[in-house]
Amino acid sequence: MSGSTSQTRFFSEPSGESVEIETSGRTIRPLMALPTVLVDEAKLRFDAGGLHTTAVDPANVGMVGINAKPAAFEGYHVDGADDVLIGANLTRLKSSLSDARLGKSTDDPVELDIDATRTLVSIDREYDVTTLSRTDELLNIEPESIRQEPDIPNLELSYRAELDVEAFCDAVDYIPTDHVELGEFDGHLILKGDADGDEMTRSTRIDVGDVAEPITETPTENASSIYSMDYLRDMAKGLKKAKVTSLSVRWGEEFPLMLDFQRCDDETVLYEGRYMLAPRIQSGGAE
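Numbering (this note's numbering), first residue to last: -6 to 280.
Simulated from the structure, these hints should not be mistaken for laboratory data. Possibly wrong hints are sitting among the right ones.
[Claimed, not checked] In the DSSO-like style, the derived pairs of lysine-lysine whose C-alpha atoms are separated by at most 30 Å in a straight line are:
1) K234 - K36
2) K233 - K87
3) K62 - K234
4) K36 - K230
5) K185 - K236
6) K87 - K234
7) K97 - K236
8) K87 - K230
9) K230 - K97
My request is simple: use the sequences and hints to build the entire structure.
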């Protein structure tokens, strides 16, 4: 190094309102899996209650809403305002975070330094005697150029089932068809798919168990709806990668499917949210 007392600053200091988050690969990477299975970009809001985002896919079929609590992070600080809103390229952010290891014995520290114009992603990777630090600067998007945040409605649905996340994801994997009928039969949650082949029709029926309970005074008997398997597989993939610890499935007769999820550490909620999947209308309506 030269004898000069000054050193070049590679990245700019935050301008105005900003957010600083200290976390690790084991937390931030699973969290990012939830929205990125549906959308490439979204508005991110930061306030005293944590990180919030709501987004809908370009076809208006799948929605996601997520709330990450400050307790999810080792450090969380919002500076200069009650809340900070940015537009984020989630695909690039996920790619930048992919270098942070999240194994049982390797959980790399991650720092996020965010303002309206850019996000700095810093990852430390420790070796036996060396620590390698890497920082990416990602340009943010004007929030006004991103689709309006949707309102995920609180619908009065007929049934609910509390499920093991792994069991639900396996049930989705077992369905080999383009669409699935999800419904209640004699208190059981049933997933059924039919596929037409060249010589035969294949029908697959998954009984998730005696878990369906009515959540209205007058539930529709055997209420079911048909959903796109492409979207349902993506949502199941997001739930699995996000390491969610609890899952509630809600549905009705030709109503959207609601997947309410949480990830907890002991008794502490790290993040929670909901996927909503629009049904394929069968009777008296257009698909």
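Cross-check of the supplied hints:
1. K234 - K36: Judged against 30 Å, a Cα distance of about 21 Å means the pair holds.
2. K233 - K87: 16 Å, holds
3. K62 - K234: With a Cα-Cα distance of about 18 Å, the restraint between K62 and K234 holds, given a limit of 30 Å.
4. K36 - K230: 22 Å, holds
5. K185 - K236: Holds. K185 to K236 sits at ~26 Å (cutoff 30 Å).
6. K87 - K234: 13 Å, holds
7. K97 - K236: 13 Å, holds
8. K87 - K230: Holds: K87 and K230 sit about 15 Å apart, inside 30 Å.
9. K230 - K97: 21 Å, holds
When held up to the earlier numbered hints, the structure conflicts with none and fits them all.
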